[in-house]
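Protein chains: 4
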Amino acid sequence: MSEHLRVAVIGHAFMGAAHIHAWRTAPQFFDLPRRPEVALLVGRDEARVREAGSRLEIPETSTDWLAVVQREDIDVIDICTPGDRHAEIACAALEAGKHVLCEKPLANTVAEAERMVQAARTAEAAGSRTFCGFSYRRTPALALARRFVEEGRLGEIRHVRAQYLQDWLSDADAPLTWRLEKEKAGSGSLGDIGAHSVDAAQWISGQRIEGVSSLLHTFVPTRPISGDRAGLGGTASSSAERGPVTVDDAAAFTARFSGGAVGVFEATRYALGRRNANRLEINGSLGSIAFDFERMNELQHFDGRDDQEAQGFRTIQVTDVVHPYADHWWPVGHGLGYGDLFVHQMADFVASLEAEPLRPDFADALEVQRVLDAVELSAAQDSRYTPVQRGEEHD
Amino acid sequence: MSEHLRVAVIGHAFMGAAHIHAWRTAPQFFDLPRRPEVALLVGRDEARVREAGSRLEIPETSTDWLAVVQREDIDVIDICTPGDRHAEIACAALEAGKHVLCEKPLANTVAEAERMVQAARTAEAAGSRTFCGFSYRRTPALALARRFVEEGRLGEIRHVRAQYLQDWLSDADAPLTWRLEKEKAGSGSLGDIGAHSVDAAQWISGQRIEGVSSLLHTFVPTRPISGDRAGLGGTASSSAERGPVTVDDAAAFTARFSGGAVGVFEATRYALGRRNANRLEINGSLGSIAFDFERMNELQHFDGRDDQEAQGFRTIQVTDVVHPYADHWWPVGHGLGYGDLFVHQMADFVASLEAEPLRPDFADALEVQRVLDAVELSAAQDSRYTPVQRGEEHD
Amino acid sequence: MSEHLRVAVIGHAFMGAAHIHAWRTAPQFFDLPRRPEVALLVGRDEARVREAGSRLEIPETSTDWLAVVQREDIDVIDICTPGDRHAEIACAALEAGKHVLCEKPLANTVAEAERMVQAARTAEAAGSRTFCGFSYRRTPALALARRFVEEGRLGEIRHVRAQYLQDWLSDADAPLTWRLEKEKAGSGSLGDIGAHSVDAAQWISGQRIEGVSSLLHTFVPTRPISGDRAGLGGTASSSAERGPVTVDDAAAFTARFSGGAVGVFEATRYALGRRNANRLEINGSLGSIAFDFERMNELQHFDGRDDQEAQGFRTIQVTDVVHPYADHWWPVGHGLGYGDLFVHQMADFVASLEAEPLRPDFADALEVQRVLDAVELSAAQDSRYTPVQRGEEHD
Amino acid sequence: MSEHLRVAVIGHAFMGAAHIHAWRTAPQFFDLPRRPEVALLVGRDEARVREAGSRLEIPETSTDWLAVVQREDIDVIDICTPGDRHAEIACAALEAGKHVLCEKPLANTVAEAERMVQAARTAEAAGSRTFCGFSYRRTPALALARRFVEEGRLGEIRHVRAQYLQDWLSDADAPLTWRLEKEKAGSGSLGDIGAHSVDAAQWISGQRIEGVSSLLHTFVPTRPISGDRAGLGGTASSSAERGPVTVDDAAAFTARFSGGAVGVFEATRYALGRRNANRLEINGSLGSIAFDFERMNELQHFDGRDDQEAQGFRTIQVTDVVHPYADHWWPVGHGLGYGDLFVHQMADFVASLEAEPLRPDFADALEVQRVLDAVELSAAQDSRYTPVQRGEEHD
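Chains as they are written, first to last, in the numbering used here: chain A, 1 to 395; chain B, 1 to 395; chain C, 1 to 395; chain D, 1 to 395.
Any given hint could be a false lead.
The list treats identical chains as one, so a pair stands whether inside a single copy or across any two.
[Claimed, not checked] Calculated lysine to any residue pairs in the SDA-like style (CA-CA distance at most 25 Å, straight line):
no., residue 1, residue 2
1, Lys184, Arg370
2, Lys182, Thr222
3, Lys184, Ser258
Just so you know, the hints here were simulated from the structure itself, not pulled from any lab data.
Let's have the full structure, built from the sequences with the hints guiding it.
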């Protein structure tokens, strides 16, 4: 490993910590062309970014993201802020010739996302790489599902069934956090978790969503303004002053795919008992796959070509040496965790710098954004079937 | 048990056999006010109905249903024919003052169903009883789910998620049977299996579906005209002449419920590997339930009031003496089967003759029909949100 | 179906009711050479047997079993009494030339069982048939497991892992019933439920248990003498007088099989939460199977010859037309229940009268008894490895 | 975080890599009194240890473990070699006043383990800490199980059921590795994986194993001497020269616990399809728990005090803020992986340096060794019940 790859991480909450751990761990388990190192941590509050930098052993911290993205000695800008800051930072970084890794969703609006893709086109022509952090693609089980589709194990795809169910808003007195404010978060369950389903469904099926008919709903219109957060949800006194929830609590939509498949999607934070049930099932003419992130090391697979008397969904433990990513880790049956997905992502990203660009890039992420946009539009128009606007072809 | 209750069963295919077994078994396990006996079996083909009558030990057979429904010595008409015959037979039987048990769907069109309800109103005033065979209501696990909702264990209901997934049409060369002809079957997956989901969802949630936005799809537009049937699907030579499939292969719709819940429904016969996955999940503010008929003796239940460290979906084996129906059968842990649901249904029906009418009656079944009608209408109108037409209130 | 097969059932508790239902249902779903009918019900208490006979619609009842087994017009004696009566009744019935179906365990001691086998040999030579009711063999999933072993899908068998876990004695104040008295029940968990595991393990593996090393334990040495029974366990006031439990509460043993497999067995009624977990797992050099009666319609199957990337335990729904028994019932995915096993048993028994004798016969059941005997002997001798005594070869 | 804690890791195979990653990751997610750093990596082969050191970014490497354990600037010796080297290295390190963390099993014989405990006693008196790497104790789900027992949720414990099932030796032509040689590995499945079960069973139940009756078996007595390893098992040409397997392939034993519980244990590498099924079930008078490492983020829990109609095993996702370790990681429902257990272990170890010693220490590990010794003795004596020899009390 010759040269170091110097990364500046912007944001140090939950997602920033996951990224930093991943940049550091990747070269221990993957043989990479360059060794990444987190050289700089950027935050808004000086005291807090210093504390985080010290705890995470990062050599330097800053509160001036613009100066950082322009520094000569930085190779990669890794954006872990809320969505309303993505466009500005990414465009500046691309203009400065950096590689840019941006958390999902790419932006809060299609317009912002289009601006980012525009900037990406120019910068990519000059050697920059862009990448959007739909991290679930790095789940070995989902990567295996994609492989199964490519190998033709599913045949012609007919059904895509995607649910992303969480429950941290079930308590009507859980506090009003930034994720419930349209200004910061762009949308609610749709953009936060439904976006993952849309990306995974299109990627694994190999088909694009062509149109949708949707319903958005907010169950609890006001919530206590403050309160200590614990985990995603936290609790707040019910006597606190309440403010308006300006995003959707739940999203449900049907979809038609480019290859003829029919899709059903649902995203919610009110499915009590479902902690992080990011589920995907695809049925084809020859086989099916089913996945639930709550059992992230398993892929369910039905092979319709098995002897009839011995047919059944197989519970594949996707931890064997022949499985995606698994040969870099532990012996078979010793599962991976959520944090390891980011290790895969960073390893793939670094490896791709000297190979094909890693997907999803900004243009792919814009396509997801366009689907979310159609979902919002359909919901606003009596659920009418709404085609997804498409840009130029990207493939 | 004083007096016998004389039943005439019309139809002797799969469903007729299930009913006959159930009429006979019910009094062995349930203490009933009258002992039912199947006195007459009616079929269209004389040789075949005789053979069936002999095998099933039924004292008398007939090919003249009209004469049968008018006989003095018959108390109950049990209709197990395809849906296109329901209205005619049921109306004649009601006119003759019989109790009528009719398989679902009640009819192939709302107009027919309305006519049946009209006839039912008159006959019920004179003492007749009507009942529609949504047999899944007799599943102990679903009856327990209903009880949990009534006990308030789920709190305010937010999500209803219903899937009915089968796979017997996955093979594009499976033959064209009557279930694929609109004239006979009325509709495809929607009326055949989606109807069960609609009935169960409304019954268990205690809320009505107020409107829907839907998508219907036919994956395989033509199929071989003949072929030996094996099970539901069977196989046919792919060289056979093909005829048009005139019903939907799959139905998907979102829904709004009268109490504020959001619903997502899907019915298909193309979910390869899902044999009879009649699934229902309901999430409330205090708890959730989840069910899959493929594990019909289990109810999943999440109680949000459990200690936080010990929360999790419980797999309840609904076979204990305190559970619905279970005290009539085996010791705990010794599950029931599909055929036993009909035993419950017949036992409940007979018991109800001297008590409150058993639900769903024809009027309830018409309400299901109206939902299916709205689904078809929405699908024909670009998935636009379509309110369910309601008749007079029935409760 | 020409001639009727007249059956007298002795005993009308839980097991008698299951048998009667099964005799009656079998000809409705299976094409049998003779139609069985329960002509006589025998009980000890005149009032109670009359009441049962009336409820179950049996033409005649009696309290004199000896007279019944000698009647000319009876073909089959079906013994559903506690184990201490089996030998006397069966021997008398065999002497009278009847076919004898006897509930398991065959007898309470090896000596009694040997006497029964002696009587069976003589009677069988004269045309009688004997059969012992290890009903779990009629579970479609276990019959499929047996088929898989025969087809060589498992290869060389190495491990047999059998647990039969119930929990109805977990409450130390559950009452002292006849199943806890050595005199009546012979043994406790070992003979009642462990016997099923031994029979299934030997049958499915195709190997005999050659020796065992065991441990028996009684957790609760005294229990309240009376109390209303509810299900198997029931509750009793803790202030009631207590009597001694004279059987084992739990049995655990390791075993060596004739073909080189290693076995681990456990039977208990104290596994709180396990209602009827009759489990069997077999691992071979090419494949594995796993079963749990709490999900009786499923067989888990691992095929080591699957592509490495797609290997995993398959959950087979054993309800397809190609599966044992399933073609006589409902469409795929519509499961069977515990009561249906007895229907299979009676159908198999009747069909076998004009074919090969149905297994397990009395001689097979004696072999199970000998294993249980070795388990008791080993437990009494410091768990020392104890060979199973074998009689003449029977195959 | 003031002072660094300097660690030398001895061994750099699978387990060494896991430890190094964990030492480095622990301070990123846990607030520790001292920041650990891996200062030195020791291996036998100079070229290979250098390569590993470079890849893992360890400042210094060595092939002279004795010199390393005596260096002033090293605080902790972390032993990741095969078991035959443990005693020598650990004793030297303790003599030099180091803290010693040793992989399990503590040693290959009880005599060695006793010598290590002797050395530990002296060194601990002078301030050293010892720890044995039974890493499964750091699984959140098992730590929660321990907490449930301590909280009394299980009541009086009756059954302990532990299986550790792997399958990497199912292929009779898998190569002869060091784990199959008694000299290096001490024992086979018993010491390698059965040891984990013994430690977990005693720790969680809070009871000691008092005696055992056991059976050891070797299914494949010779194996190909060489072959490329892939994962634990790998494949070798079946034509290769074969050498003797000198350890047990499978171990099975029953046990009696100090508090009256009955145990059944099984360890094997021939359970085809079970990749790493480290399973534990405990049944008490009030509740039960069940765990399978293949679903390491879940604990099954049955609470017998739940309403009877709502009783069932709960699937607890042990990822909530109230669960052991989970508050240091991701939001609820985002599971951990195998590698994270070592992070917990190192974090706990460092935290304990300024608090109570972390368990299991060497003395605890010796107790496990004594159980394994009794298992081997019983197997050699016709499975006779064999009491576990106990040293002085340690608690």
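Here's how the hints hold up against the structure:
no. : hint            : result
1   : Lys184 - Arg370 : within (19 Å within a copy, 42 Å between copies)
2   : Lys182 - Thr222 : within (13 Å within a copy, 48 Å between copies)
3   : Lys184 - Ser258 : neither (32 Å within a copy, 33 Å between copies)
Checked against the numbered hints listed earlier, the structure breaks hint 3 alone; every other hint is satisfied.
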